[in-house]
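Visitor: In order, the protein sequence lines correspond to chains U and R. All the letters of the first sequence, read from the start, carry residue numbers 1 to 407 under the numbering used here. All the letters of the second sequence, read from the start, carry residue numbers 408 to 716 under the numbering used here.
Calculated directly from the structure, the hints in this document are not laboratory data. Each statement offered as a hint is correct.
The calculated lysine-lysine pairs, modelled on DSS-like cross-linking and capped at a C-alpha distance of 25 Å, are:
1) Lys-658/R - Lys-511/R
2) Lys-45/U - Lys-501/R
3) Lys-288/U - Lys-379/U
4) Lys-45/U - Lys-500/R
5) Lys-503/R - Lys-620/R
6) Lys-713/R - Lys-658/R
7) Lys-594/R - Lys-584/R
8) Lys-45/U - Lys-503/R
9) Lys-500/R - Lys-620/R
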Amino acid sequence: MVLKMLTGSQAVAWAARLARVDYIPAYPITPQTEIIEILSEWVRKGEMEAIFVQMESEHSLFTAAGTAAATGARVFTATSSQGLLYGFEMLYSIAGWRAPLVLVNVARAVAAPITLEPDHNDVLAARDSGFLQFHAENVQEALDLVLFAYRVAEDHRVLLPAIVNIDGFHLSFTRERVELPEQSFVDEFLPEYNPVNPIRASEPVAKGIPVLIPPLYSFFKYQMHMASRNALNVFREAAKDFEKLFSRTYAPVEEYMVEDADTVIVMSNSFASAGKQAVSALREEGHKVGLLKIRLFRPFPTDDIIKSLRGKKCVVVIDQNISVGKGGIMCPEIAEALYHLEDRPRVILPVIAGLGGKSISLEEFRYAVRVAERLASLKAGPDGPLLLFREDEAILVESLLKTASGG
Amino acid sequence: MSVTKYRTIKDVPREEFLVPGTPLCAGCGALLVMRLFHKALGGDVVWVNAAGCITLMATFPYTPLRSSWFYTAMPSAPAGAQGIRDALDILIKKGKLDPSENLKVVVITGDGAASDIGLQSTSGAIHRGLDFFYLCVDNEAYGNTGFQASSSSPIGSGTATTKPTPLYPMGNVLPKKDLFEIWRSHKPPYVATISPSHVVDALRKVEKALNFKGPKLFLALCPCPTGWGMEPSESVKLARLAVEAGIWPLKEAVYGEVTHTYIPLKRRPVEDYLKAQRRFAHLFKPVKNEGIIAEIQRQVDEYWSKVER
Numbered sequence: 001m002v003l004k005m006l007t008g009s010q011a012v013a014w015a016a017r018l019a020r021v022d023y024i025p026a027y028p029i030t031p032q033t034e035i036i037e038i039l040s041e042w043v044r045k046g047e048m049e050a051i052f053v054q055m056e057s058e059h060s061l062f063t064a065a066g067t068a069a070a071t072g073a074r075v076f077t078a079t080s081s082q083g084l085l086y087g088f089e090m091l092y093s094i095a096g097w098r099a100p101l102v103l104v105n106v107a108r109a110v111a112a113p114i115t116l117e118p119d120h121n122d123v124l125a126a127r128d129s130g131f132l133q134f135h136a137e138n139v140q141e142a143l144d145l146v147l148f149a150y151r152v153a154e155d156h157r158v159l160l161p162a163i164v165n166i167d168g169f170h171l172s173f174t175r176e177r178v179e180l181p182e183q184s185f186v187d188e189f190l191p192e193y194n195p196v197n198p199i200r201a202s203e204p205v206a207k208g209i210p211v212l213i214p215p216l217y218s219f220f221k222y223q224m225h226m227a228s229r230n231a232l233n234v235f236r237e238a239a240k241d242f243e244k245l246f247s248r249t250y251a252p253v254e255e256y257m258v259e260d261a262d263t264v265i266v267m268s269n270s271f272a273s274a275g276k277q278a279v280s281a282l283r284e285e286g287h288k289v290g291l292l293k294i295r296l297f298r299p300f301p302t303d304d305i306i307k308s309l310r311g312k313k314c315v316v317v318i319d320q321n322i323s324v325g326k327g328g329i330m331c332p333e334i335a336e337a338l339y340h341l342e343d344r345p346r347v348i349l350p351v352i353a354g355l356g357g358k359s360i361s362l363e364e365f366r367y368a369v370r371v372a373e374r375l376a377s378l379k380a381g382p383d384g385p386l387l388l389f390r391e392d393e394a395i396l397v398e399s400l401l402k403t404a405s406g407g
Numbered sequence: 408m409s410v411t412k413y414r415t416i417k418d419v420p421r422e423e424f425l426v427p428g429t430p431l432c433a434g435c436g437a438l439l440v441m442r443l444f445h446k447a448l449g450g451d452v453v454w455v456n457a458a459g460c461i462t463l464m465a466t467f468p469y470t471p472l473r474s475s476w477f478y479t480a481m482p483s484a485p486a487g488a489q490g491i492r493d494a495l496d497i498l499i500k501k502g503k504l505d506p507s508e509n510l511k512v513v514v515i516t517g518d519g520a521a522s523d524i525g526l527q528s529t530s531g532a533i534h535r536g537l538d539f540f541y542l543c544v545d546n547e548a549y550g551n552t553g554f555q556a557s558s559s560s561p562i563g564s565g566t567a568t569t570k571p572t573p574l575y576p577m578g579n580v581l582p583k584k585d586l587f588e589i590w591r592s593h594k595p596p597y598v599a600t601i602s603p604s605h606v607v608d609a610l611r612k613v614e615k616a617l618n619f620k621g622p623k624l625f626l627a628l629c630p631c632p633t634g635w636g637m638e639p640s641e642s643v644k645l646a647r648l649a650v651e652a653g654i655w656p657l658k659e660a661v662y663g664e665v666t667h668t669y670i671p672l673k674r675r676p677v678e679d680y681l682k683a684q685r686r687f688a689h690l691f692k693p694v695k696n697e698g699i700i701a702e703i704q705r706q707v708d709e710y711w712s713k714v715e716r
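Produce the entire structure from the sequences given, and follow the hints as far as they go.
Guide: Put into structure tokens, the structure is as follows:
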């Protein structure tokens with residue numbers, strides 16, 4: 001094991017290298033570029049025995065990635081935001097081909113308006129595609145989850161592609177101390193990819209073909225659903241092996257001071273670090289608060305969520321995304337998981353925060369927790385999603401709007 | 408390269424890689440071309456397909472092919488070919504795959520995918536020098552969706568979206584995209600046009616292309632009985648008429664250098680070709696539109712006036 005200072009981008013590039021990937025089709029987009037620059041350099045220097053090919057678009061990139069994985073190569077690629085959306089058609093195809101490649105999404109909010117800062121409207125748009133989704137909070141987790149992603153995706157009980165999400169800038173360009181796993185240990189954790197029905201001269205196959213009979217379509221789609229559900233147990237198995245080799249472990253969700261908490265904040269990704277800090281501060285103020293971090297979003301870890309949240313008074317779901325006309329994307333999923341419990345939380349407060357990289361302050365976390373607790377005491381429900389927006393930000397926005405209108 | 412296995416029609420390989428029983432239409436020109444193409448390539452092939460009529464060739468649980476098939480998506484079959492080619496190369500290089508398992512990677516698309524939605528990925532694959540074959544089966548419209556105009560539809564043709572009306576008596580008013588020239592401008596090793604009517608010419612071209620590493624592109628005129636409005640039995644006849652009228656020049660370009668492989672000594676009038684199809688019927692009924700027919704003839708004549716004999 002080697003300790004290194006790595007950015008999130010460098011860490012996932014290292015993970016791809018340690019996974020001994022065969023093929024890296026790529027297309028540049030901010031803030032994903034550092035990943036593919038590093039990998040192209042390693043391939044050009046002969047430090048990785050892989051083919052790196054720069055495609056002409058994300059749509060083509062995903063197509064090449066999918067067909068290569070179906071042919072039997074271990075494939076890595078990365079994109080972000082508009083790029084993920086541009087290639088969107090192929091996400092469903094790749095999942096349907098059961099081609100288990102790994103894609104790192106460097107989260108960035110989607111246009112319009114244009115921004116480079118992160119939220120999760122890009123990656124969560126892909127939640128129904130059949131890709132597994134792993135969400136990383138810090139640099140170490142980013143590296144480790146890429147290894148997990150291959151292990152789970154390539155398992156014959158799963159055979160689905162995976163997205164590992166890292167937040168743009170906040171994680172992609174943040175440098176942290178990382179334990180770089182030794183190659184021999186990674187090789188033990190991650191055996192060679194053993195493709196099912198690859199394309200070979202001796203055994204012709206037909207892939208991606210129409211199934212014009214509706215029951216067949218239902219059958220194949222539901223097979224994908226079952227395979228994704230299998231991924232939960234495969235992930236847990238992998239976590240046990242990973243712990244033996246690396247003395248670290250990961251669960252589909254992560255609890256932070258949840259056990260004795262009355263109110264639990266639910267979050268994912270890098271902003272969860274700010275959430276944990278807020279929880280610690282609120283604890284000092286006497287609030288019995290905890291945080292539940294969603295690490296595996298597809299398949300959705302319903303049982304783990306029930307285990308953490310049943311019997312709690314309030315749940316505050318911080319969605320760093322917005323489904324326009326509804327609210328956050330994650331909140332209804334949490335609510336649905338808890339609905340049939342007798343001891344379900346009194347209040348599930350949907351909160352929209354951190355859109356386009358907007359920071360979330362302690363004051364805002366405190367406010368959200370207070371709103372939830374007040375609703376609980378009033379035995380009332382939330383009146384739509386709560387948008388976290390500070391007074392200083394409102395003043396800033398007002399002055400910028402004035403400038404734009406020439407006043 | 409002057410020695411060829413294919414001197415007469417009797418030299419067409421007997422072996423079939425595309426067996427009877429596809430859901431494609433009777434008389435489909437694309438099917439004729441594909442069958443021929445496959446004979447010339449041999450059996451170790453993976454076809455990479457973009458959405459089009461041909462996509463229906465393999466529908467679960469059947470395939471008429473004795474080779475592999477991979478349907479990708481309408482815009483990106485050449486990118487799919489890239490992934491397969493690269494994966495086979497790297498797996499062979501790393502010793503994970505026996506070289507005997509290698510395959511020729513062949514893209515098959517219709518003209519809509521080739522000249523419209525898939526042009527970006529086609530250009531990308533040619534630019535990268537991808538070692539693959541590309542066969543565009545050009546029936547001059549979006550055949551699979553009911554024969555709407557594509558940018559490959561010829562001027563004066565009636566399609567589901569260019570119906571002749573009093574405002575637009577000639578039907579389609581836009582020119583046919585010159586895919587041959589678009590491809591040629593990328594300077595790939597080999598580009599050719601072929602026709603199901605000129606079998607030996609087509610076989611020889613595939614045979615020649617096998618000598619090149621890199622993009623090998625084929626544009627085939629494929630009569631479409633349902634869209635063109637003619638009898639299925641007339642497909643080959645119509646294809647031949649297109650060549651004889653000079654509408655479909657048979658040519659090839661090696662690294663950009665163009666040679667015509669067949670020059671009709673006396674070209675048939677374009678009118679003979681046009682009036683044999685329902686899609687041009689409005690040029691003759693209720694009154695003959697001499698102006699438009701003359702314009703189509705003029706364009707063909709102009710093309711051939713620049714061809715050196």
